[in-house]
Amino acid sequence: MSVFSKFFIKGSHKIRVEGIKINQFLSDCLKNGIPLGEIKKKDELTIECMVSEKKYHALMKKKYSNQYRITSLKNMGLPNLKREAMQKKGFIIGLLIFLYLMYYQSLFITEIDIKGIDAIDETDFRSSLMEIGVMEGNKKNENLDDMKEYLYMQYEDLAWIGIHYIGNKMVIEIAEKTNPPEIISYDIPCDIVAQKKGYIEEVITKYGTAMVEKGEFVREGDLLITGMVSDEETGEIKYVHSLGEVYAKIIYRINITEEKTEIIKNETGKRSYGLRLKIGTLDVESGNSNILYSHYNRKDSPVFDIMIPFPMKVCLIEYGEIDVAYRPKNEEEIENSIALKVNEYIKKNLPKDAEILNKDLMYEEERNIIKISVIIESLEQIGREEKMIPIF
Amino acid sequence: MDIEMDLLCDFSINIPRVIISGDYAILDNVNRIISFTDKGLVADTGARFTTVNGENIKIKDLTDHRLIVTGKIISVEFFSNKKGD
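The listed protein sequences derive, respectively, from chains A and B.
So the first sequence is residues 1 to 392, counted in the working numbering.
So the second sequence is residues 1 to 85, counted in the working numbering.
Any given hint could turn out to be false.
Said to hold, decoys possible - When the alpha-carbon atoms are kept at most 30 Å apart in a straight line, the in silico DSSO-like pairs for lysine-lysine are as follows:
1) A/313 - B/39
2) A/140 - A/115
3) A/299 - A/260
4) B/60 - A/54
Because the hints were derived from the structure by calculation, they are not lab data.
Let the hints inform the model, and build the full structure from the sequences given.
As structure tokens, then:
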């Protein structure tokens with residue numbers, strides 16, 4: 001039997017034994033089978049040791065109590081803990097209620113985070129979730145597969161959906177489908193229509209009849225090449241799958257603003273601090289009234305951030321004073337900045353195969369701002385196949 | 001070690017048997033404790049007395065003719081008993 005089970009599980013007393021023949025006491029215990037532990041000699045007449053609860057009573061009853069003075073210093077072990085716990089019923093009940101409440105509140109959803117949603121309307125998506133009982137404040141849905149199946153049924157545009165919990169927060173990750181361009185089979189008659197407005201530059205017709213000429217202005221959806229052709233000899237009308245490329249000059253107009261001066265922020269080194277406490281939707285900040293700086297940088301450093309048992313965040317806010325200075329930009333800097341903005345626009349909005357024909361910039365100065373109107377002319381293929389409905 | 005010595009070590013209850021490992025010493029066949037201080041311990045182990053010397057000596061466990069001694073053990077000595085053998 002280990003010392004742990006002997007003294008802890010079954011309970012023990014830490015005792016002090018005082019007497020003249022203290023070594024005799026140890027020998028007697030050895031002889032009479034009274035196990036002792038952690039024996040430490042305090043002085044010539046005193047020892048301190050551990051004795052099991054059962055043997056402690058035997059020790060007190062026997063003749064030892066007459067020969068030695070035995071004092072219980074401490075009651076230890078599991079039975080003693082049990083006794084103490086029974087004496088503190090209120091505390092134990094409170095602790096159990098607290099643990100139960102902790103467990104109970106962990107069964108509910110406090111927040112739903114939807115990631116990757118773009119084409120699908122988020123409000124509509126949340127409404128769909130509410131229909132199956134998934135909303136903030138409701139119990140957690142353990143059967144996530146059923147939930148996924150329901151969402152796949154509801155939204156055809158969903159390519160993938162992943163649902164998991166982080167504490168009481170439900171995280172829904174979505175990947176939406178990207179629709180490929182419609183490919184029309186060669187044996188199906190079709191027209192070629194404009195997908196953008198612009199001025200026609202070149203029409204290359206392989207099958208079908210061109211309906212537009214160079215210099216003509218077309219709008220989105222206008223017919224460019226028709227699949228309806230008539231036989232020159234018989235006059236019979238045939239419907240063919242139009243093939244061809246239509247190039248048009250597309251004009252883009254954008255307005256850019258550029259400041260004449262650059263703001264330079266230098267830290268002065270002065271700092272002030274505040275605290276921010278966020279519990280659920282409650283957000284309290286201290287220190288706003290203490291800020292004496294007219295210009296400052298704010299930095300939030302989370303000190304405490306938990307989701308369980310409830311979303312709670314404590315942040316240390318550091319306000320660093322900054323000195324704001326204005327420096328006039330030179331002509332080259334302004335030109336570079338504008339060129340960068342124009343290139344960003346082109347990269348974002350123009351197709352990769354577009355050819356830039358011309359760029360016109362018109363400047364207009366207004367106080368500290370320069371307004372720039374940019375006109376970009378590009379050559380793009382604007383033809384798109386569209387199924388035709390033959391007229392009989 | 002021949003078989004006779006092996007059996008003697010395992011089953012004899014009248015000779016001292018000591019196992020030392022680091023700061024632990026296990027003394028078997030202890031009949032009486034003659035002296036015990038934090039500097040050492042003398043125990044009657046049948047045919048001989050066994051002395052454990054050291055610093056901060058404590059008896060971790062005392063049960064069934066066995067002592068478990070802890071502390072910084074410096075030496076272990078055996079002395080002849082009162083019969084003088």
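Verification of the supplied hints:
no.: 1; hint: A/313 - B/39; verdict: 57 Å, violated
no.: 2; hint: A/140 - A/115; verdict: 19 Å, holds
no.: 3; hint: A/299 - A/260; verdict: 29 Å, holds
no.: 4; hint: B/60 - A/54; verdict: 19 Å, holds
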